[in-house]
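Hey, can you work out the whole structure from these sequences and the hints?
Read off the chains here:
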Amino acid sequence: MRRLLALVPLAMLAACGRSDGRTEIVIQRFFGACQAEFGTLSDPGKADGECGIITAMINQFEAANPDIRVVENTVFWPGYDQLTAQLAANGAPDLVTMHSSAIPDYDARGLLEPLDDALAAVGISPDQFTAAARAGVTAEGRTMGLPIDVWAPLWHVNMNLFREAGLVADGKPVLPTSPEEFYAQAAQFKERTGKPYLVQVTSKDFAGPMRVFYAWMMQQGAPPFKDERHSNFDSPEGRRALEFMKELYERGLSARNLDYAGAVSTFLKGEGGILVDGTWMVGQFDAAAGDAASPLYRGYAVRPFPFLFHGRRVSLVDGHNWVMPRNDRRTEAEREAAQRFLAYFAANDFQWARTGHFPAYRSIIESEQWQQLPHREDIALITEIGEPLPRFVRRQSPIEFIVGEEAAAAYTGAKPIERALIDMQRRADEILQSF
Amino acid sequence: MSTLAANRPPRIAVALVVIAAIVMLTPMLWVLILSFKDNTALMADTSSAFLPPWTLANFRSIVGEGQVFTWLMNSVIVSLAMTAGVLLLSSLAGYGFARLQFPGRKVLFVIVLLGLAIPEQAVIIGRHQMFSAAELHNTHAALVLPGLSMPFGVFLMTQYFRAIPKELDEAAMLDGASRLRIFWRILLPLSIPAQATLGIFTFFHAWNDYWWPLISATDKDMLTLTVGIAATQMNFAQAEGLGFLMAQAVFAGLPTLLVYLVFQKYIVRAVAGAAGQ
Amino acid sequence: MTADHPPTRRSPTSHRWSGILFVAPYLATFVFMLVVPLIVGIRLSMTRGDLFGIKEFVGLDNFARLFGDPVFLQTVWNTFYFVLLTVPAMTLIGLALALVLNHQTRWAAILRAIFFASTVLSVTVVTLIWRLVLIPEGGLAAVIAGAIGREPVAFLSEQALAMPAVAVTTIWWGIGLPMVLFLAALQQVPRDLYEAAALDNASRTRMLFSITLPSIRRTMVLVIIVGIILQFQLFGQPHLMTGGGPNNSTRPVVLFIYETGWKQWQLGYAAAASQVLFAMIAIAAMAQYYFSSRKDAA
Chain A
1 MRRLLALVPL
11 AMLAACGRSD
21 GRTEIVIQRF
31 FGACQAEFGT
41 LSDPGKADGE
51 CGIITAMINQ
61 FEAANPDIRV
71 VENTVFWPGY
81 DQLTAQLAAN
91 GAPDLVTMHS
101 SAIPDYDARG
111 LLEPLDDALA
121 AVGISPDQFT
131 AAARAGVTAE
141 GRTMGLPIDV
151 WAPLWHVNMN
161 LFREAGLVAD
171 GKPVLPTSPE
181 EFYAQAAQFK
191 ERTGKPYLVQ
201 VTSKDFAGPM
211 RVFYAWMMQQ
221 GAPPFKDERH
231 SNFDSPEGRR
241 ALEFMKELYE
251 RGLSARNLDY
261 AGAVSTFLKG
271 EGGILVDGTW
281 MVGQFDAAAG
291 DAASPLYRGY
301 AVRPFPFLFH
311 GRRVSLVDGH
321 NWVMPRNDRR
331 TEAEREAAQR
341 FLAYFAANDF
351 QWARTGHFPA
361 YRSIIESEQW
371 QQLPHREDIA
381 LITEIGEPLP
391 RFVRRQSPIE
401 FIVGEEAAAA
411 YTGAKPIERA
421 LIDMQRRADE
431 ILQSF
Chain B
1 MSTLAANRPP
11 RIAVALVVIA
21 AIVMLTPMLW
31 VLILSFKDNT
41 ALMADTSSAF
51 LPPWTLANFR
61 SIVGEGQVFT
71 WLMNSVIVSL
81 AMTAGVLLLS
91 SLAGYGFARL
101 QFPGRKVLFV
111 IVLLGLAIPE
121 QAVIIGRHQM
131 FSAAELHNTH
141 AALVLPGLSM
151 PFGVFLMTQY
161 FRAIPKELDE
171 AAMLDGASRL
181 RIFWRILLPL
191 SIPAQATLGI
201 FTFFHAWNDY
211 WWPLISATDK
221 DMLTLTVGIA
231 ATQMNFAQAE
241 GLGFLMAQAV
251 FAGLPTLLVY
261 LVFQKYIVRA
271 VAGAAGQ
Chain C
1 MTADHPPTRR
11 SPTSHRWSGI
21 LFVAPYLATF
31 VFMLVVPLIV
41 GIRLSMTRGD
51 LFGIKEFVGL
61 DNFARLFGDP
71 VFLQTVWNTF
81 YFVLLTVPAM
91 TLIGLALALV
101 LNHQTRWAAI
111 LRAIFFASTV
121 LSVTVVTLIW
131 RLVLIPEGGL
141 AAVIAGAIGR
151 EPVAFLSEQA
161 LAMPAVAVTT
171 IWWGIGLPMV
181 LFLAALQQVP
191 RDLYEAAALD
201 NASRTRMLFS
211 ITLPSIRRTM
221 VLVIIVGIIL
231 QFQLFGQPHL
241 MTGGGPNNST
251 RPVVLFIYET
261 GWKQWQLGYA
271 AAASQVLFAM
281 IAIAAMAQYY
291 FSSRKDAA
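The listed protein sequences correspond, in order, to chains A, B and C.
Each step along the first sequence adds one to the number in this note's numbering, with nothing skipped, and position 300 is 300.
Each step along the second sequence adds one to the number in this note's numbering, with nothing skipped, and position 77 is 77.
Each step along the third sequence adds one to the number in this note's numbering, with nothing skipped, and position 55 is 55.
Just so you know, these hints were derived from the structure itself, not from any lab.
Beta carbons are placed, not taken as given, at the ideal position from N, Cα and C, and that holds for glycine.
One or more of the hints may lead you astray.
Keeping only pairs whose Cα atoms sit at most 27 Å apart, straight-line, the calculated DSSO-like set for lysine-lysine is [to be verified]:
| hint | chain 1 | residue 1 | chain 2 | residue 2 |
| --- | --- | --- | --- | --- |
| 1 | A | Lys190 | A | Lys246 |
| 2 | A | Lys269 | A | Lys246 |
| 3 | A | Lys246 | A | Lys195 |
| 4 | B | Lys106 | A | Lys46 |
| 5 | A | Lys269 | A | Lys46 |
| 6 | A | Lys269 | A | Lys190 |
| 7 | A | Lys226 | A | Lys246 |
| 8 | C | Lys55 | C | Lys263 |
| 9 | C | Lys55 | A | Lys226 |
| 10 | C | Lys263 | A | Lys226 |
| 11 | C | Lys263 | B | Lys220 |
| 12 | A | Lys172 | A | Lys195 |
Computed, partial: chain A to chain B, Cβ under 7 Å [to be verified]:
| hint | residue |
| --- | --- |
| 13 | Asn73 |
| 14 | Ala88 |
| 15 | Ala89 |
| 16 | Gly91 |
Between beta-carbon pairs, the in silico distance windows are [stated by the list, open to error]:
| hint | chain 1 | residue 1 | chain 2 | residue 2 | range |
| --- | --- | --- | --- | --- | --- |
| 17 | C | Met286 | B | Glu170 | 37 to 43 Å |
| 18 | C | Gln188 | B | Thr26 | 32 to 38 Å |
| 19 | A | Arg163 | B | Thr26 | 41 to 47 Å |
| 20 | B | Asp45 | A | Arg313 | 37 to 43 Å |
| 21 | A | Arg313 | C | Pro70 | 33 to 39 Å |
| 22 | B | Leu25 | A | Glu180 | 49 to 55 Å |
| 23 | C | Ala64 | B | Leu25 | 46 to 52 Å |
Structure (structure tokens):
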């Protein structure tokens, strides 16, 4: 017993990390963990996928800055539960990835540090950003983060199956321009290939259904949010959106019962025509299209969501950014080290853009190098028509889950549409009015 | 054991139990076999797990990665520390309640018993606020301290000490021994069975704890094995691959299973004994 | 202490207070880790605030809101439903296993070990295992279905099947505990009762119902109460397997508390829900105890 007791303080001492005199910064991010595959890579050019590229980028930064020690904290998406808990405990990381749609929330409570000076110190000015990226990080005239990218939901197309279904013209996928065309083309697809036209998320990972719902609402010209205290879901446009989603589900035109991992895997196995996902997969699917063993071999195309409602040509966009949460214990040296990381990232944003996300810098978007990347041409339209959620929408993250959950319940038939819209709006408004 | 020669269970009952045992084992074996397959093969079709080739690549990745080991160390430290702490505090308090007179003894003991009725959910938010205010999150201390308060330990030790004959104490007192000595030298060694029970119970409780470590330890390096495995689960679509994920599950489940297999008799006796109290 | 005891060499007052020294360390943690947080929680439940600071005192508003909140009420129902799915099944299966495996033979020992092994795993390992069994995309159930030419069932996405699937996972996980408790109780039943019955040519069934079951009655009550208390606290399995869906069908009260507090930042509301859960557990356990002791007395 005595011996055991003696071990305890020793063990606890051992647990206190060893510091080696370098400045240490904590960088927290989502995008997945892939230490096994990319843990030691320092050349982002050789990595692919969000996880691989960002891991390699952080490694490269560390290699080039031996006086800085980077603690890379990977959190599961979107990581806001942890960040909030860390902020409440005054133990927030030095830099963290944050969606543009989430910045207003944290900024309204003064939980983020403005970065105007920090960026200026390393030669970064907001007019270097694209309009969408800049809008994403600006709050009341201050720059609250360094944009990493702008992203949008997309339709990823399996061209091999589309060819089989007779939906290819001039080497391009034929996509619907109205709900009626949608049903017709999807039915044709299903008849000729035996597989579901649409592969989308219907369970557990509710961000997917949320984006689809917002997209159809926005295309009808209806904003998802009326003002900062009221959502607009229980409206004719919201109803139309859910009715459309439900109709196609009932007709068997969509794959069923898939969570995010299942949806991606189904598409990769060639078991569906269109995967409803986003810019972050473009790099990965393009790689599969070059792999002779993959069902996507030489058969991958990608497009923005088709414009079905003869309303607005618009696409929902959001963005990833590095923000610096408030932490009273942050030292000048740490702030400076974080600054250097931001400078490095800005200089290497092209590597990140290889994922498929839109770069945050005008110079890259306008460059040939970017435009030559596969498929960028087909989705470049989004840089003009992309529209983020209005800045006044706070608590976007929990609302996202509610909208996705209710939308999925409605269109899979688990709940009547009327009921789902009422609940969706009520629950969202409760949150919007709770602070 | 009360077994009658004639009391063999009916064959059908045995058959059903054997089938049930197979059902119990199958999920674990499934995960085990998945962990020996290459990630891309599994991505295409998981039933390929039943056929060769099999590989140790996933386990090699775990060894190379290092993160799981940090989580394992955290779990070990926290579980051992909590076990040692609970054993010490509960034994001391148990002795105090069982053997010593002091003002308010009865009332205090009843209050401790009432504590048994309080579920974790009623106090977890309060605890989180307090540790936030003290800026103590993401420390081993935060993971250990709440567990030290469980009334079950005191209850168990008090009952056990009460059952030990007072004559032992009194004999020692006549020889001039102090209370502390009596406790340390005589009663504590005699209470080893109860200590084992309580220790094992606390160890597994600490090792498998999920909610509190989830909200208190948010730094990747501070995660316990239990929470770390949950974090990877959420991510697996993105990057790691099914085989690697399964290898992590095997890696996480193995220590507890091994401890269980080695200490089986004591564990079962502990659980039964605890309930008996 | 009365004057009957032989005099000790220590004065009565010094050993009066040394007692406090022994219980003080534990009492300190009891107060700081149990009593104070409980009070903080109760106070929080009467405020409207978030993780970053309390906003305003609203009295019993949160509780009124809870009882009018369809999402919360659904979670209460889900929790009761889950307890109904798991506790009777675990009790009966645990009892059956104990009855069959109450032997000293090698095979019985091995089988017992198998049934208890899953209990030592953590919830995250268990949910990982069972997701890989239940998911329609490559899960074990889907592979088996494919092998026999049937369509895979999406257990975790079908509203009617999701909670039962979580229940099955939980039963698999926890069956060892009731089994072990019953085994311990069975071993306390005096042999002579059985021997006397055997002399009377009593059938096995008769012995089971007239001797065994009545003798382990107290353990049965214990198993049920412990089961109720444990399963009311359901959290990890739905958090990791279903996220509370589909359509709020697998969200228990504890997951509601977690989401309301840490995702929606409505800490006061979450604290109120946790007090309601506390009351639910206490009432359920006491009710069970009351009913069983009434039967005892009858």
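Status of each hint after checking the structure:
Our distance criterion of 27 Å between C-alpha atoms is met by Lys190(A) and Lys246(A), whose separation comes to about 17 Å. Among the hinted pairs, Lys269(A) with Lys246(A) is consistent with the structure: their alpha-carbon atoms are about 25 Å apart, no more than 27 Å. Taking the CA atoms of Lys246(A) and Lys195(A), the gap is about 18 Å. The hint holds against a cut of 27 Å. Among the hinted pairs, Lys106(B) with Lys46(A) is inconsistent with the structure: their alpha-carbon atoms are about 71 Å apart, more than 27 Å.
Taken as a hint, the Lys269(A) and Lys46(A) pair is honoured in the structure, with Cα atoms around 25 Å apart against an allowance of 27 Å. A C-alpha spacing of about 16 Å is found between Lys269(A) and Lys190(A), which places the hinted pair at or below 27 Å, so the restraint holds. Distance check on the hinted pair: Lys226(A) and Lys246(A) sit about 24 Å apart at the alpha-carbon level, within 27 Å; holds. Among the hinted pairs, Lys55(C) with Lys263(C) is consistent with the structure: their alpha-carbon atoms are about 18 Å apart, no more than 27 Å.
For the hint pairing Lys55(C) with Lys226(A), the CA-to-CA distance comes to about 26 Å; that is within 27 Å, so the pair holds. The hinted pair formed by Lys263(C) and Lys226(A) meets the criterion: a straight-line CA distance of about 23 Å does not exceed 27 Å. About 19 Å separates the Cα atoms of Lys263(C) and Lys220(B), which keeps this hinted pair within 27 Å; it holds. The hinted pair formed by Lys172(A) and Lys195(A) meets the criterion: a straight-line CA distance of about 20 Å does not exceed 27 Å.
This hint holds: Asn73(A) has a C-beta 4 Å from the nearest C-beta of chain B, less than the 7 Å allowed. Proximity of Ala88(A) to chain B holds as hinted, the smallest CB-CB distance being about 5 Å (cut-off 7 Å). For Ala89(A), the suggested interface contact is upheld, since its CB lies about 4 Å from the closest CB of chain B, less than 7 Å. At its closest, the beta carbon of Gly91(A) sits 6 Å from a beta carbon of chain B; the interface hint therefore holds under the 7 Å criterion.
Here the CB-CB span from Met286(C) to Glu170(B) is close to 40 Å, well matched to the stated 37 to 43 Å. Take Gln188(C) and Thr26(B): their Cβ atoms lie about 34 Å apart, and the range 32 to 38 Å holds. In this structure the supplied range 41 to 47 Å holds for Arg163(A) paired with Thr26(B), their Cβ-Cβ distance being about 42 Å. At roughly 41 Å, the beta carbons of Asp45(B) and Arg313(A) sit within the given window of 37 to 43 Å.
Taking the beta carbon of each, Arg313(A) and Pro70(C) are about 38 Å apart, inside 33 to 39 Å as hinted. For Leu25(B) paired with Glu180(A), a C-beta distance near 54 Å keeps the hint of 49 to 55 Å intact. Taken as a hint, the range 46 to 52 Å holds for the pair Ala64(C) and Leu25(B), whose Cβ atoms sit roughly 50 Å apart.
Checked against the numbered hints given earlier, this structure breaks only hint 4.
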